[in-house]
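Chemist: The lines below spell out each chain.
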Amino acid sequence: MKATLFLLFFVGTLQAAGADDPSSQIRFVEIGQQAGVRHQHHTRRFKGPYSDVLGMFTSGGAASAVADYDNDGLEDLFVTDSDQGTTNHLFHNDGNLVFSDRTEKAGVGGGNDPKTIVADALFFDYDNDGWKDLVLARFGTPVLFHNQGDGTFKDVTASCGMNKFANSLSVTTFDYDNDGLLDLIFGNYFPPVNLLDLSTTKVLPRDLDNATNGGGVTLWRNLGGGRFEDATEKAGLANGHGWTLDCGIGDFNNDGLPDIYVASDYGTDRVYFNKGDGTFRDASQTAIGYDTKKGMNAEVADYDNDGFLDVYVTNITDEYMKECNMLWHNNGDETFTDVSRETGTCDTLWGWGAKFGDFDNDGWLDLFAVNGLRSASDDNYIPVLVEMIIRPGVDFSDLSNWPAIKDMSWSGYQKSKLFQNLGKMNIFKEISAQAGVDNDLDGRGVALGDFDNDGLLDIYQTNADQPSLLYHNVSSRPGHWITLQLIGTKSNRDAIGARVTLTAGGARQMREISGGDGYSAQSSYRLHFGIGSAEKIDELRIRWPGGGEETISVPLDRVSYVREGSGVVDVSTIRKP
Amino acid sequence: MVKPFLVLLVFLTAAPSGEQDYSAAVAAVSSGNVDEALNHFEAALKAEPNNLRYGNDYRQAVIKEKAYDRSIAFFEKLVADHPDAANAFLNFGFAYVDKIPDSGSITQVLNANTALGYFTKSIDLEPSWIAYYTRGNSYLFWPKIFNRTQLGIDDLQVALKMQQAGPKLGVYVRTYIALGDGYWKMDEPEQARKFWKQGLEEYPGDEALEKRLAASNDELGSIVSVSYDPNVRVNTDLSDLWKHQ
Chain C
24 MKATLFLLFF
34 VGTLQAAGAD
44 DPSSQIRFVE
54 IGQQAGVRHQ
64 HHTRRFKGPY
74 SDVLGMFTSG
84 GAASAVADYD
94 NDGLEDLFVT
104 DSDQGTTNHL
114 FHNDGNLVFS
124 DRTEKAGVGG
134 GNDPKTIVAD
144 ALFFDYDNDG
154 WKDLVLARFG
164 TPVLFHNQGD
174 GTFKDVTASC
184 GMNKFANSLS
194 VTTFDYDNDG
204 LLDLIFGNYF
214 PPVNLLDLST
224 TKVLPRDLDN
234 ATNGGGVTLW
244 RNLGGGRFED
254 ATEKAGLANG
264 HGWTLDCGIG
274 DFNNDGLPDI
284 YVASDYGTDR
294 VYFNKGDGTF
304 RDASQTAIGY
314 DTKKGMNAEV
324 ADYDNDGFLD
334 VYVTNITDEY
344 MKECNMLWHN
354 NGDETFTDVS
364 RETGTCDTLW
374 GWGAKFGDFD
384 NDGWLDLFAV
394 NGLRSASDDN
404 YIPVLVEMII
414 RPGVDFSDLS
424 NWPAIKDMSW
434 SGYQKSKLFQ
444 NLGKMNIFKE
454 ISAQAGVDND
464 LDGRGVALGD
474 FDNDGLLDIY
484 QTNADQPSLL
494 YHNVSSRPGH
504 WITLQLIGTK
514 SNRDAIGARV
524 TLTAGGARQM
534 REISGGDGYS
544 AQSSYRLHFG
554 IGSAEKIDEL
564 RIRWPGGGEE
574 TISVPLDRVS
584 YVREGSGVVD
594 VSTIRKP
Chain G
9 MVKPFLVLLV
19 FLTAAPSGEQ
29 DYSAAVAAVS
39 SGNVDEALNH
49 FEAALKAEPN
59 NLRYGNDYRQ
69 AVIKEKAYDR
79 SIAFFEKLVA
89 DHPDAANAFL
99 NFGFAYVDKI
109 PDSGSITQVL
119 NANTALGYFT
129 KSIDLEPSWI
139 AYYTRGNSYL
149 FWPKIFNRTQ
159 LGIDDLQVAL
169 KMQQAGPKLG
179 VYVRTYIALG
189 DGYWKMDEPE
199 QARKFWKQGL
209 EEYPGDEALE
219 KRLAASNDEL
229 GSIVSVSYDP
239 NVRVNTDLSD
249 LWKHQ
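Note that the protein sequences, when read in sequence, are chains C and G.
Mapped onto my numbering, the consecutive letters of the first sequence carry residue numbers 24 to 600.
Mapped onto my numbering, the consecutive letters of the second sequence carry residue numbers 9 to 253.
Straight-line C-alpha distance at most 25 angstroms; calculated DSS-like pairs for lysine-lysine:
hint	chain 1	residue 1	chain 2	residue 2
1	C	Lys70	C	Lys225
2	C	Lys345	G	Lys74
3	C	Lys225	C	Lys187
4	C	Lys298	C	Lys513
5	C	Lys345	C	Lys438
6	C	Lys187	C	Lys257
7	C	Lys345	G	Lys152
8	G	Lys72	C	Lys345
9	G	Lys169	G	Lys205
10	G	Lys152	C	Lys438
11	G	Lys74	G	Lys54
12	G	Lys202	G	Lys152
13	C	Lys429	G	Lys152
14	G	Lys54	G	Lys72
For the record, the hints were derived by calculation from the structure and aren't laboratory data.
Use the sequences and the hints to build the structure in full.
Modeler: Shown next as structure tokens:
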């Protein structure tokens with residue numbers, strides 16, 4: 024009898040702690056349709072003899088950005104489309120997880136012209152007026168919208184100076200020269216030729232493992248007054264000619280300056296350390312070594328809470344290609360070690376966007392990754408493609424050599440992956456199905472935000488040529504949390520690059536505000552921390568991008584607004600910047 | 009009587025031999041002077057292009073130095089100069105296989121495909137057990153989607169027949185392992201187990217066969233998958249051929 028009682032007590036204790044099934048807590052419910060944010064993306068339909076192959080190569084463009092554009096305290100959503108004649112959408116968060124489409128009123132639907140394609144979007148306050156502006160990355164020149172503060176935006180592209188053509192698939196913001204003004208880095212895929220007005224058919228990668236004929240990156244320095252200048256060459260970033268899909272930004276060596284990780288398709292990724300004088304040094308060889316993988320996504324976060332920012336890069340792992348993703352563990356000495364196999368995060372099939380977020384508020388960053396290139400008929404493009412690849416002397420760069428994909432699938436119907444961080448064990452457990460996020464759509468971007476301010480991070484997933492998804496986080500038994508919206512005064516207003524270190528329950532966590540890391544998505548600029556069962560925060564330190572540091576106190580289980588130099592401020596102060 | 013003896017003497021003296029260079033190469037490898045070893049191996053192979061052992065040991069030294077492009081260039085010239093040297097073509101194919109783990113994912117496909125071409129050439133010139141086994145086993149590395157697994161099984165069946173017709177060698181156990189793996193990949197587990205069992209009866213105690221026969225279906229999937237992972241270096245050392253004779 025005693026033994027039975029003991030056993031019952033033991034089992035009961037395990038269940039209360041969730042130790043029998045640590046994954047039981049994370050749950051999501053897809054609510055895109057009822058919330059009014061289900062958006063059908065359309066990839067660009069090309070014309071002419073190479074329309075099929077070009078369409079296949081440009082199957083990105085399904086992107087989203089999260090920010091409170093009208094300062095009402097609720098996170099809104101901007102979602103892109105890519106075909107000619109389609110419009111992007113601005114979804115205003117009306118509260119209670121209901122959104123209304125304000126695109127027309129806001130004037131931000133445009134960008135998909137006959138000779139340009141919208142591919143990515145980013146909110147950022149380029150003029151520090153307290154209202155988040157919006158930039159579109161395109162196959163073409165960028166588009167810049169100025170937030171007028173009254174629910175409308177003004178297209179200021181013509182006067183902003185960003186007039187250099189590029190086939191950009193990503194845009195990320197950071198203040199690389201610490202002048203208090205947010206700069207922009209664009210990841211360019213193809214070389215700068217207009218795919219909608221072809222003058223040559225040789226526009227594809229020359230080599231499928233070591234291509235150096237891609238678009239590289241473009242760095243636009245914010246000069247103030249709504250003007251930007253091309254600083255790529257001057258900053259030392261013009262040496263990379265990779266097929267860039269994403270840029271991840273973070274202070275990798277803890278010197279207070281934002282560094283860059285460039286993820287590239289068909290060849291090596293690159294790491295650049297910020298020298299603090301407006302230039303960068305290419306440390307790729309010593310930091311990560313050269314690789315031949317198909318880097319899609321660069322997500323920066325301190326997944327193991329050791330005080331150094333790590334990088335998660337998705338590649339291609341499938342029946343026919345075994346690249347494995349890269350989880351670059353930051354060794355703290357300007358070098359990284361790939362621990363994706365050891366941590367269980369190697370295989371997300373044909374990877375695209377991936378984001379770290381503490382979905383159960385236990386103080387450890389979990390990871391959500393989307394995947395799949397093209398889900399169509401049962402016919403598989405791979406055997407057809409390989410016949411071309413193994414043809415002796417074939418020129419991969421020539422569109423005319425690539426077989427048409429027609430209605431064939433290519434790494435299609437792959438299920439998204441959610442990995443729960445098991446904490447000090449330094450491993451992740453895949454829980455996609457239990458968590459309700461194992462959709463098999465052709466995912467591209469993952470944007471995180473807490474759309475109902477309940478302290479649980481929700482997920483917005485964009486899909487190429489398919490409808491988007493909004494996963495509402497309904498996890499049970501989550502831990503305590505805090506969310507911080509930082510407001511820079513000396514630093515850039517969005518506080519991009521600010522680092523917050525939190526100590527609670529004997530554990531320390533560090534986060535930086537990311538300016539749009541991760542492929543095809545910009546997550547909320549608010550910093551979210553879960554602290555598990557800890558009942559109080561022992562210390563909360565902020566290192567502002569401008570260099571100032573302060574220690575603050577904030578209440579648990581609330582969104583707090585923190586102004587540089589003033590500590591916690593009332594939400595009303597952000598409504599009237 | 010004197011005349012033929014003289015002729016034979018002249019022939020023996022004139023016959024090209026790489027033995028001296030080969031010995032020097034082996035000594036250089038032992039003393040860690042790989043670059044010198046490669047030079048001697050190449051000289052030996054120029055003298056005896058069809059010498060499988062020279063080519064094999066050359067490649068093993070190349071792997072240590074990761075000098076794949078050097079061996080590929082060397083064999084390319086060697087087979088051009090000696091288009092009838094079946095074993096030179098075999099080693100040429102292996103030189104591409106040796107490069108695979110250090111190549112990008114697409115280059116791996118190109119190298120694997122190029123290697124297959126040279127293995128075929130070797131078979132065309134001299135249909136040996138090693139050539140059939142090698143090509144058959146190479147086909148198994150291709151994912152099932154490329155429909156090459158059956159081609160591998162066909163080659164391995166030929167190799168099996170060849171080995172059954174002659175004296176037993178230890179290295180022949182590989183055919184049973186590979187044949188079973190091929191059938192496993194083709195979703196024919198009964199056939200797979202049949203060949204593994206047959207192999208174990210003939211080669212009792214073989215670790216790879218015992219492991220496969222003791223494994224559950226799930227474990228087998230993993231064993232076979234790991235065995236044909238292009239990122240893991242394949243043992244292309246053929247020395248078992250002369251070690252176990």
